[in-house]
Amino acid sequence: MDIVGKRRIFLTISIVLATLSVIVLGTSGLNLGIDFTSGTTVTYQFDGGDPGAADVVEALAKSGHPGAVVQALGDAQYFIRTDDLGNSGLNAVNDEIAKLDGAPARVLDTTSVGASVAEDTVSNAITAVIVAAIFVMLYIMYAFRSVPNSYKYAFAAVVALMHDVVIVLGAFAVLGIAINAEVNAIFIVGILTVIGYSVNDTIVIFDRIRENVTLAPGRDFRTTVNLSINESITRSLGTSITTMTVIIAMLLFGGASLRDFLIVLLAGVMVGTYSSIFVAAQVLVLWERRGFLPWRRVTPTNS
Amino acid sequence: MSRSRGLILIAILVVISVVVLAISEVSVLGFTRGGDSPLGLTLGLDLEGGTHLVYNVVPEDGREPTREDMEGVRNIIDRRVNEFGVSEASVQLLGGGVDSVADRVLVQIPGQTGSAITLNFGADTVSTEVLEAFFHDELGRTDAEVSQNENLSLTVQLDDIRAEVIDADGVVITPSEADAWRDAIIAHYPVALQVSYVLPQVTPPVEGDDNSVDAAPAEDEVTLPTLAEVEAAFASVDRSDADVDEVTGADGLYAILMYGLDIKSTDANGNPIVSEDKKIFDALDQIGLVQFASMQGVLTQWTLGGGVQEAKNVIGTTAQLEFRYRECGDEFALSDDIPWPPNGLTQDEWALERCSNPAYFTESETEIDPADLDDAFPAISQGAFANPIVTLVFNDDGAKAFFDVTDRVSRHQDRLAIYLDGTELVAPGVSQGGIAGGRAIIEGGDFTTESVRTIAIQLRSGALPVGLELIQERNVDAVLGKDSLQKSLIAGGVGMILLLIFMIAYYKIPGLVASIALIAYSIMLLGIFKMIPVTLTLSGAAAVILSLGFAVDANVLIAERTKEELRSGRSLLAAITAGFERAWPSIRDGNMSTIIVAVVLFWFGDRFSTSVMQGFALTLAIGVLLSMFTAFFASRLLLRLIASSGFGNNPNLYVPVRDQNEPSESATGGNS
Chain A
1 MDIVGKRRIF
11 LTISIVLATL
21 SVIVLGTSGL
31 NLGIDFTSGT
41 TVTYQFDGGD
51 PGAADVVEAL
61 AKSGHPGAVV
71 QALGDAQYFI
81 RTDDLGNSGL
91 NAVNDEIAKL
101 DGAPARVLDT
111 TSVGASVAED
121 TVSNAITAVI
131 VAAIFVMLYI
141 MYAFRSVPNS
151 YKYAFAAVVA
161 LMHDVVIVLG
171 AFAVLGIAIN
181 AEVNAIFIVG
191 ILTVIGYSVN
201 DTIVIFDRIR
211 ENVTLAPGRD
221 FRTTVNLSIN
231 ESITRSLGTS
241 ITTMTVIIAM
251 LLFGGASLRD
261 FLIVLLAGVM
271 VGTYSSIFVA
281 AQVLVLWERR
291 GFLPWRRVTP
301 TNS
Chain B
304 MSRSRGLILI
314 AILVVISVVV
324 LAISEVSVLG
334 FTRGGDSPLG
344 LTLGLDLEGG
354 THLVYNVVPE
364 DGREPTREDM
374 EGVRNIIDRR
384 VNEFGVSEAS
394 VQLLGGGVDS
404 VADRVLVQIP
414 GQTGSAITLN
424 FGADTVSTEV
434 LEAFFHDELG
444 RTDAEVSQNE
454 NLSLTVQLDD
464 IRAEVIDADG
474 VVITPSEADA
484 WRDAIIAHYP
494 VALQVSYVLP
504 QVTPPVEGDD
514 NSVDAAPAED
524 EVTLPTLAEV
534 EAAFASVDRS
544 DADVDEVTGA
554 DGLYAILMYG
564 LDIKSTDANG
574 NPIVSEDKKI
584 FDALDQIGLV
594 QFASMQGVLT
604 QWTLGGGVQE
614 AKNVIGTTAQ
624 LEFRYRECGD
634 EFALSDDIPW
644 PPNGLTQDEW
654 ALERCSNPAY
664 FTESETEIDP
674 ADLDDAFPAI
684 SQGAFANPIV
694 TLVFNDDGAK
704 AFFDVTDRVS
714 RHQDRLAIYL
724 DGTELVAPGV
734 SQGGIAGGRA
744 IIEGGDFTTE
754 SVRTIAIQLR
764 SGALPVGLEL
774 IQERNVDAVL
784 GKDSLQKSLI
794 AGGVGMILLL
804 IFMIAYYKIP
814 GLVASIALIA
824 YSIMLLGIFK
834 MIPVTLTLSG
844 AAAVILSLGF
854 AVDANVLIAE
864 RTKEELRSGR
874 SLLAAITAGF
884 ERAWPSIRDG
894 NMSTIIVAVV
904 LFWFGDRFST
914 SVMQGFALTL
924 AIGVLLSMFT
934 AFFASRLLLR
944 LIASSGFGNN
954 PNLYVPVRDQ
964 NEPSESATGG
974 NS
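Protein chains in written order, with the numbering used here: chain A, 1 to 303; chain B, 304 to 975.
The set of hints was computed from the structure by calculation and includes no laboratory data. Among these hints, one or two may not hold up.
Some chain B residues judged to face chain A by a derived CB distance under 7 Å, without partners named [what the hints assert, rightly or not]:
id: 1; residue: Ser393
id: 2; residue: Asp588
id: 3; residue: Gln589
id: 4; residue: Arg777
id: 5; residue: Ala794
id: 6; residue: Ile804
id: 7; residue: Phe805
Rough simulated footprint, nothing fancy, chain A against chain B, three-plus residues with beta-carbon under 8 Å [what the hints assert, rightly or not]:
id: 8; region: 860 to 868
id: 9; region: 886 to 895
Virtual Cβ for every residue (Gly too), placed ideally from N, Cα, C.
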């Protein structure tokens, strides 16, 4: 399979997906949960039947929260998000909820986040991702010190990593519009998991390239990369399929609390596998041939 | 040789892990791990249910909190949470970086679904069964469970208690439903009082001084109060319902039985009122000289606990340090007529009891303002014996008040009782006159280096002018937690089985080896989680999935490389060795970069007001390290072992299914 030769197709797909993600993120943005915006969420379980979402919305409006987000989770469970309620506020909501059909309602889960925490969460998350990326780059430069220009490998791995993060964020923004999926603290964990997976997957391919470059230093770099991808593609697919098997099983049998997280993970594994083969390795080839700067290309390509 | 050694090591670790997991509570060398949870693992509050509170620490004078402040705050919250009756609550500082001091406190209270009331009638008055029956039958709360604590107080455990509603100014709008229960209990259980009168010690009238005006009324007063007088005293405080009896065989001794005696000293909004027992004793004092009075079966304690609301009330208030004057019972009899010490105690017992049994001493406020306490620190005494002591340092205002109080304490052989949040910290006597200069030491026979340190921190924190601001709160119902846990376990199990089927069907022998390695890996991972212990949360479960993915990946890499080496014409054993050597650098580098991500996350984790990040990072790092360890020892050595046995020496069993179906490719025998 001549994957390197078809790199334009793959890179175009990636660029289109990444651009679409940036557009979605820029326009509608992520559906931010209270970890980022401050406020209170409550999950109610109605023990006496399902009152219907409209009644729950009305009950919240009566207790002074007309702008509350109400989401039916199924099984007479409702997820509610409002501005910061505080204790007396929550009691007022409870009083109205208790009047609905389907009462008594149990509070399964409440979370309140103040504004100062919410601000910090965003900046801390971004800082953590950037610091992690820098350290991973440094490690790759060290691990690949035996091949020439190891910094290029580090850079390409980080390009693939950013690619994955942007596309997963974009996919989640779409989910936010479609099924009201919310970004919360565990979502950040999901993104970090994706980073871990993406880097690991990229390194396996790079390791093959490193090995083949060392075995035959004189060979055309394009051929070496193409050979390495072909040699490791079964492994990449094998690992993704097995990991996805576990994630899909958890999606099907696990509880609702992990659902959004698992969707992130599933998207991340798919994008991560794709980017290792079709982005990270191709960035290396492009750079080797100075593809970024067309006027400085050393060898004109004819494939 | 080395290969069997590696395998034996893994086998031993797996066996140890199985044993560790099978025994729900493990105690080794003083460390205790495990408990009632599944496999004895430590569960996070999203799996167990519980409350997670984050407070901002705000010093009242607007400066940044210091490490000292934070230590004090942590200590004070720790103590409050423990007092609140919550076991295993964790209090940790958040937000500290390399160059900055933590400024947040995270309080995690696990498994706190229900609420509890702790109440005290005094010893042997109401049994657990009787109170439980009262809750079930009279109050209609069949979920109530009553147990007795070490200090003889009773704890009622309930599924929930409707909390009071407080408006922004702290005024109670709707009282907690528990208030009505309190009233019902007070009305239902009788209180037994005893009061004993003695004749006052009258100076015998001096001979020839018969025109003294004082003598005549003194003659009249030399009678003990009558039954009617005692009844009248009760009537004067609107308690004519009290059943007063004269105890036969002892003059001036009355036994009173009454219902509905409430001794609380604050009203619904926390404002002080004169408690009813005080009114009664004042009335009884009016009619004669009381030698002793006792009260049995009165509800002395009523503490709401368990609910989130109560937890927040307990944690969020400013610490209250108090210096109180403790007037102990008289050391010697005031007159020869009164049998002394009281209640048949010996003089030795009395010496111990008079200052320590609340029945025999009274306390009053002092002029010492706790804010005047500049410092308190642990030290070692200078005398012949190096005993641990606590040193107190007051500022000038405090020093003066401290001198006055200690002078009085010293003269009367009384005590200076120091309280934090209403609990006695220490109640020393004063040995040689008033203490001037504002510096004092407290020593005690039972002080240890550890206890003086704690007392010093508590004294300091009590004088600490910091406020706590609740900035984040999360409560998870235990039912939801249990549900999440159960579903995650089922899902994990199903995923694992699918994974094993896929591996064996596709990779055959290497797949089988990978499956065995993965099972061993999972068992060891759980064993390690239990013994460290790692708190298992939903995000931790995510890290387990990821590390499981890496463990699979290592095996897939080895299998793929082995296949290639076989194709290039090597013998089976040589192919396995070479395949592992080729696979190892990518296993190592891939896992190392993941560990780097985990370390960065752990480092940043405590800047987030949630333990999610750090739990994830720790679980991931342990999982990845263990997966490298398992791949290095188990997978490789197991492959070689099987290959050298008769069962697994057919090279075809090492080539994945797909590649066999492509004869053209396998016929070329490799592709380089």
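Each hint, compared with the structure:
1. Checking B/Ser393 against chain A by beta carbon gives a least distance of about 18 Å; that is not within 7 Å, so the hint is violated.
2. For B/Asp588, the shortest C-beta to C-beta distance to chain A is roughly 44 Å, which exceeds 7 Å, and the interface hint is violated.
3. Taking 7 Å as the C-beta contact cut-off toward chain A, the hint placing B/Gln589 at the interface is violated, the least distance being around 45 Å.
4. With 7 Å as the threshold, the beta carbon of B/Arg777 comes within range of chain A, its nearest partner Cβ sitting at about 4 Å, so the hint holds.
5. Interface restraint check: B/Ala794 against chain A, minimum CB-CB distance 4 Å, threshold 7 Å, status holds.
6. Look at B/Ile804: its Cβ only gets to about 9 Å from chain A, farther than 7 Å, so that hint breaks.
7. For B/Phe805, the interface hint holds, since its Cβ comes within 7 Å of a Cβ in chain A; the closest pair sits about 6 Å apart.
8. Here's how the region 860 to 868 of chain B fares: 3 of its residues keep a CB closer than 8 Å to some CB of chain A, so the rule of at least three is met and the hint holds.
9. A stretch counts as covered by a chain when three or more of its residues have a beta carbon under 8 Å from one of that chain; for the region 886 to 895 of chain B and chain A the count is 6, and the coverage holds.
Checked against the numbered hints above, the structure breaks hints 1, 2, 3, 6 and satisfies the rest.
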